[in-house]
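K.L.:
Taking the hints as your guide, dock the two standalone chains into a single complex.
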Amino acid sequence: MNPNWAEENLQTIRTLMERSAVYRRALAPIMLFAGVLGAAAASAGLLFHLDSIRAFGSLWLSTAVMVVLGALLIARRQALKDNEGFWSPPTRRVGQALLPPLFSGMLLGFTLMFVGMDNTILLTFIWLLFYGCALHSAGFFMPRGMKWFGWLYIGLALVTICLLTVVVPPDFEINAHWFMGFFFGVLHLAYGAYLYLTEKRKSAA
Amino acid sequence: MNPEPSLQLDRVIHEKGRLAIMSMLAASPELSFTELRDALAMTDGNLTTHIKALQQEGYLAVAKSFKDRRPLTTCSLTAPGRKAFAEYINLLEQIVRQNKSK
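So the protein sequences, as listed, match chains B and Y. Numbering-wise, our numbering puts 6 at position 6 of the first sequence, and it's gapless, one number per residue. One rule links them: number in our numbering = place in the second sequence (from 1) + 1000.
Hints listed in this document are in silico derivations from the structure and should not be mistaken for laboratory results. Model, not experiment: these values are computed from the prediction. You can take every hint at face value.
Quick list of in silico lysine-lysine cross-link-like pairs, DSSO-like style, CA-CA up to 27 Å:
#1 Lys147(B) to Lys1083(Y)
#2 Lys1064(Y) to Lys1016(Y)
#3 Lys81(B) to Lys1016(Y)
#4 Lys1083(Y) to Lys1100(Y)
#5 Lys1052(Y) to Lys1083(Y)
#6 Lys1052(Y) to Lys1064(Y)
If we strip away everything but chain Y, and leave its shape as in the complex, we get (with noise of 0.2 Å):
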């Protein structure tokens, strides 16, 4: 195991969209594809690359459902994404506790 705590970041989230969706999932069981786009200020095609990106991980689950006759899809984190977003943060802490140290 590599103990360079940057070294065992999950390359899946430590990217700036895909860590911005789990951040706001994290925070909320579930959040519309409308919502997340808006508060993050993506594209509908950004939003759906990263959102396959961490499904095909199995961070991330999405619903289809019908909300007033119109079609909604809906977002929200698995338990290996809540893990996974969980160990991300643990090694950040880390890190920055390394760097204060020095």
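Extracted from the complex, chain B is given alone in its bound form (with noise of 0.2 Å):
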């Protein structure tokens, strides 16, 4: 009998299991096509003073909108080129736990833009927040990191809440197009550099 053939049935498993899920390969090229156009959105509401809710909230869910659209695509491409299905149950598990946070986050997000809350930065953190569950419980279908992106963002948004409230004066004021660039574009940098090093890493073993 081969001597590797213990590590051979692990490689095997695993690239079964990656096999009926075709998100997973896809996610690292998502998150960096995610934090470029997070990143990019950010830079365009600091330069031409997109600081009105109205005008705040339109750059964002627009930006949202080409998010979930581009990474559609990209799975699909990728899906293509390896000839699997696209809708399989696997990504349908991860759509229907995605649509309840994001819709009611983007829901909740014209509703106070139109209501006229005049206040960015608490929009900032709902959708942070509601950003940070939708990870999450996609997570329980995806790799165990996606959980803890998901803690990240819920973590991090409330950390920061208390520190704006208790820490910082009140008449310190901060650009939550600064936050938004961080948190949607350089974290989801971040994530896919990681995924894309450690995909490598593991190809390379």
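P.N.:
Dropping the structure here:
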């Protein structure tokens, strides 16, 4: 018997488990894509002073729609490349897990924009908390890292809110685009880079 | 109890076709018969035989329903199936560690 049979069996199991979930392989490019769009939207918001609640909300909601459409295209391209079904049961489960918190966050964002609540910082942290919950829910059908990524959003959002409320003086002003740029730009880029690096390491092993 | 991990491996799972089915289902709450057959490039007969063997062992649950007026067979791992699969993986990892330390 081949002395490496156990290792080969484990590799086969890993490959088969990944094959039943195309979105896993598409995750790194999706994260990088979301990060690039997040950083670009934050730069545009700061550059063009899109600071009113409506301008802020419109910019970030349209960015979110672009990210979702882009993510679907990337996953579909990956599925076509590997000659696999795109809308498979695992992908459907991830979609079902993401939908309620993302939809609620978007709807609440619209409501706050149109009732005239002029607080972009509060809107930012509401979105961050809903987004963190969405990632955490999706994490039940994805690699363990996704759950932690969700917790990171929730934790950082709560800690930042507390710091802003308790520590930072009330007259200190900070543009909400900086927070959005960090959370939706930098964090996605960092997670995408981490996924790329760890995937390469696994392939090399 | 046998201390040699390779002799403790579950013989039902330790077969190429059944291991492939268990691996696919471990990553997904459920998969249809067609999806399993296409992904694993198995014949209907071969897949049915393996599914029956896993079902008899209590590792796999089969549900029959209708979708767009067509019969749909879906398979999923049962709790004992997930446990057995996790134990199988643990044993494989033990064997790999033993081989590396030799």
